[in-house]
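Use these hints to put chains P and B onto chain C, whose structure you have.
Read top to bottom, the protein sequences are chains C, P and B. Numbering-wise, the numbering used here puts 350 at position 350 of the first sequence, and it's gapless, one number per residue. Numbering-wise, the numbering used here puts 236 at position 236 of the second sequence, and it's gapless, one number per residue. Numbering-wise, the numbering used here puts 152 at position 152 of the third sequence, and it's gapless, one number per residue.
These are computed hints drawn from the structure, not numbers from a lab. Heads up, the beta-carbon is just placed ideally off N, CA and C, and yes, glycines get one too. Be aware that one or more of the hints could be misleading.
Claimed, not checked - With a Cα cut of at most 30 Å, we get these calculated BS3-like pairs of lysine-lysine:
no.: 1; chain 1: B; residue 1: K72; chain 2: B; residue 2: K15
no.: 2; chain 1: B; residue 1: K59; chain 2: B; residue 2: K72
no.: 3; chain 1: B; residue 1: K55; chain 2: B; residue 2: K15
no.: 4; chain 1: B; residue 1: K72; chain 2: B; residue 2: K55
no.: 5; chain 1: P; residue 1: K89; chain 2: B; residue 2: K59
no.: 6; chain 1: P; residue 1: K89; chain 2: B; residue 2: K15
Said to hold, decoys possible - Examples of chain C residues lying across from chain P (beta carbon under 7 Å, computed):
no.: 7; residue: L68
no.: 8; residue: P119
no.: 9; residue: G130
no.: 10; residue: V137
no.: 11; residue: A138
no.: 12; residue: R141
no.: 13; residue: N144
no.: 14; residue: F175
no.: 15; residue: V179
no.: 16; residue: L271
no.: 17; residue: V278
no.: 18; residue: E318
Chain by chain, the residues:
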Amino acid sequence: MERLRSIIRPVASVPLARHLVVALVAFVVAMAVIGSSSQYLQTRYAEMAYFAIAAGGLTLLTGLSGQLSLGHGALMAVGAYAATLVLERTGGETLADVFVALLVAIAVCAVVGVVVGVPAARLHGPYIAGATLTLAVAVPRLANQWEVFGGEQGLQVSVPRATDLPAWIQDLVWFFTAVEIDQYSFLAYLGWLLLAITFVALANLSRSRVGRRWRAVRDDDVSAELAGIHLGRARVVAFTVSAMAAGLAGGLMAMNVRLTAPGAFTITLSLTLLAAVVLGGLGSLTGALIGAGVLAFLPKFATDLGESVGLSATQAAEVTPVVYGLVLMLVILLAPAGIVGSLRTFLARSPLGSTKEKTT
Amino acid sequence: MQQFLDTTLGGLVLGAVYAAFALALCLIWRSTRIVNFAQAAMAMVTTYIALSLINADVPYWVAFMAAIAAGFGLGAVIERVIIRPVEGKAELNAVILTLGLFMVLHGLTAITFGVQHRGFPAPVGTSAISVGDTSIGITPFGILTIVVVALVMAGLVVLFRFTDLGLRMRAAAFNGEVSRLLGVRVGRMLTLGWALAAAVGAVAGMLIAGGDLVNPAFMDPFVIYGFIAAVLGGLDSPLGSVIGGLILGLSLSYVTGYVGEHLAPLVALGILMVVLLVRPSGLFAAAAARRV
Amino acid sequence: MFAVEDLSAAYGPVKALNGVTFTAARGQVTAVLGANGAGKTTLLRTVSGLVRSTKGSVKLNDKDITRTATEKLTSYGLSHVPEGRGVIAELTVTENLRLGGLHRATGSEPMPVERVFELFPRLGERREATAHTLSGGERQMLVIGRALMARPTVLLLDEPSLGLAPRVVAQIFDLLRGLVQTEELTVVLVEQNARSALSIADHGVVLNLGKVVASAPAAELAADEQLRHAYLGF
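For reference, chain C alone in the conformation it holds in the complex (with noise of 0.2 Å):
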C-alpha cells in the first residue's frame, strides 16, 4: 500500500503524467464501452469525439484568452476539405492514408489560423464575433465557387475497410473488446484515440507558461501588456492551437460523414459548438466534452420528442437548434459559469469545500 502511493504521488502531482493517465485510462474505458456498442451508438460516439475536438479548442480559446470565435465551423470546414481532398489523391485505403489527410487538415488550418488570428487578435467582444461569424458564413459559400471543391453536391470521402488496417491493430481490438473491428468502430475508435492525445495536448498547454499568459490576457489584458506579455502574439498563438484543433475535427467529421459539402457547415454548426462549450463552462475541457456529448445526442432525442407531439419530421428537426439556442440562453441568464464551473462554485460554497474561491 505505501508502496503504491509512493509510485502514485509523484506521478499525480506532475500535470503532465497526470493528464497522460487520466487521458489513457479514459481511453481504454471508451475502447470497452464503443467495443460493446451498436453501430448506431458508435457512430453517435464517433461524432462525440469529433464535436469535442472542436470545443475543446473553442473552449480553450473563448476561456482562456476571452476570445470569441464563431468562425469555427468554417475552420472545421476547411480541415474537412483539406482531409476530403487529400483523401481524393492518395485513395483513402490505407491507414497512413488516414494519417496524412488529417495531419494536412491540422497544417492547413494552422495556416488558416494565423491568417484569421492576426487580425482577430485587435478585436474584442461583438467586433470579433462578427468577423468570425462572417467568416463562418463565408468559407463554406466558396466551395461553390470552384470546381475543385465539388460544389453544393459536395464530394465524396473515401476512408480504408476494416480488412485494410494493419492486422496487429485488428488483433489489439479484437483482445481488448473481444468485438472484431469494423468502418464504425474503426472511426470511433480513431476519433477517441485522437481525442486523448488532442485533450493531453490542450490541458498541458492551458496549464503551462503560455496557458497563464492567455489567462493573464484575458482577465486584463493593459496589466499582461504592461507585465511583458506580446499581447497579440499571446492571441494568435491560442487562434492557432484552436484552428489546429477544429481542423482536425473537420478532417474526422469529413470521414464518418463520408460527405463533404458546403451545407454542413452552417451557422448553426458553429453557434452549437458554442452551445457545447457554453453549457460545459468557458475554459473547462471537461464542460466541452459534456457538450460535445450533448450535440452528438440531443438531435435525435429533441426531434423524437417533436414527433411525438405531433410534429412533423422537419418540424421536429427544428426542436434541437431551438434547445441549443435555450441553451445558450439560459446559461447566460442563469448559470453563466456553465455545468463545470457552477459545480465547481456550489461546492466551494458548501461548507466541506474551501471559501477562498467565493471572492472572486
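Here is chains P and B on its own, set in the frame of chain C:
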C-alpha cells in the same frame, strides 16, 4: 455600360436595405452598447407575421403596418425580459445571449411556419422598368425600397434631433445615471430604443421579402451584412450606418456582377477587416463625435 | 427645508454612512465637508436613491422622500448636481440645458434657456458646442445651469470645485451665492475644498468615516483650529 448601370442601381437598392438594417443595429448599440445578433431573426419573425396576414386577405399595407407594430412589441418584450439582466455586464454575455435568441427564433419560426420557400407579394411591380426599348436595372419595388428607407431615416432624424422624446432617448443612452438624476426614466428609454430598432428591422424585412421567396433562413445573410454596414459607419452614427449600408450594397453588387456571387461574403469579410484594422471607430468617426 | 436624519448606507459589508443627521435651512448654503472617503459623495448619492439607504430618512419640506425613485426627485424640487464630469458629453450645451428642463418641479413655470445664458454668459457663447469640448469651468457652469432648468428648491452640489483653478472656483462660488439669494434656494454643498466652501456657506457639517463629527455655523468651524487641522486640512 448597361451592365454597370444595372449593377449600380441594384447595389443602391441592396444598400438601402442594408442601411435600414444597420440603422436598427446602431439604435440598439447606442442605447445599450449591445450588438443585437438576433436582429435578422426578429425581422424574419415579423415578416412571417405579415405573410400570414396577407395570406388571410389582409391588404398589403395593413400587413406592413402590422409587421412594424409586431416588431415594436417584440423589441420591447425582448429588451425587458431577456436583455435587461445582461445590460452593463461583460460584453461576451450579451453576444452569446443574442446568438441564442437568433437560434430560438429561427427554430420556432421553422416549426410554426415550415421550412419550405414561400412567395411573398409586393405592392408594386417587381420587373425592371423600361425606358423606350431598353430596360434599366431597377424595379418599381426597388424605387419603393429606397423611398421607404429614406422616409424611415428622415423620421428618425426628426425624432432624435427635434423632439423631447428623442433628446431623452439620446441622454439615456449616453449617460444613464446623469439622465436619471435629471428625471429621465432610463429603463423606459432603453426599452423604447429596442422597440424602435426592431420596428426599423421589421421594415427592412418587408423590403427584403417583397416579390421574393421567404423561408426561415432568408434573413440570415443580413446578420452579417447589417453588422458590417453598421461597423463601416462606426456603429454609433446613424448617418454612418446609412452610408456604410450603401457602400456595402454597391461593393457586393459589383462583386456579384463581375467576379462571382459566391465570393460576396468573403469580400464583405475583407472590407470589415480592413475597416476594423485601419479605422476601428468606423469610416466616419470624426463626424460621429459631433453629429447626432 | 431639507432634513437628513440618522441616514445610513453600506457598500456590501463596508458602512459608508453611519447615522448622519443634519438640517439645511431655506435660503442658506450648508457645506458638507470632510476628507476623501469621509462619505460626502455617498451622502448625496443616498439622498438621490442612487445608493440604497439601510436606515434613516430624508425629508424635503416635511415630505419623506427616502424611498422615492431617483427619476422623480426633480419633480419634487430636488436637483442633484453631479460633479463636472456629469455633463452629457455627446449632447450640445443647449441640449443639456433643454434636458434639464424636461422634468422640472411640479407646478413650476418652464425656464427659458436664455435665462441660464444670462447667468452664465460664457455658456451662451458656446451654446451649440458639444459638451465634451467644454473646459472644466464651463462644464461646472453647465451642470449647475442644467439643474436650475428644473426650477429646484433644493440643490445638492457634489464637489463643484474639483479640478478647477482657484480663480474659476471663486467665480463659480460667487455665482452660487448670488443664486441662493435671488432664487431662495436651499443649497447642500459637498466639498473637499473646505476653505472656499466655508467662505460662502452659512452652516457647516463635518463628516469623518461616515459620521458627523461637527455641525456648526460656518464662521465657528472656520475659527476652530483643532477641527480644521484634524478634518479639514487647512
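Hints, one by one, checked against the model:
no. : hint            : verdict
1   : K72/B <-> K15/B : 26 Å, holds
2   : K59/B <-> K72/B : 14 Å, holds
3   : K55/B <-> K15/B : 11 Å, holds
4   : K72/B <-> K55/B : 21 Å, holds
5   : K89/P <-> K59/B : 34 Å, violated
6   : K89/P <-> K15/B : 25 Å, holds
7   : L68             : 6 Å, holds
8   : P119            : 5 Å, holds
9   : G130            : 4 Å, holds
10  : V137            : 5 Å, holds
11  : A138            : 4 Å, holds
12  : R141            : 5 Å, holds
13  : N144            : 4 Å, holds
14  : F175            : 45 Å, violated
15  : V179            : 38 Å, violated
16  : L271            : 6 Å, holds
17  : V278            : 6 Å, holds
18  : E318            : 4 Å, holds
When the structure is compared with the earlier hints, violations turn up for hints 5, 14 and 15 and for no others.
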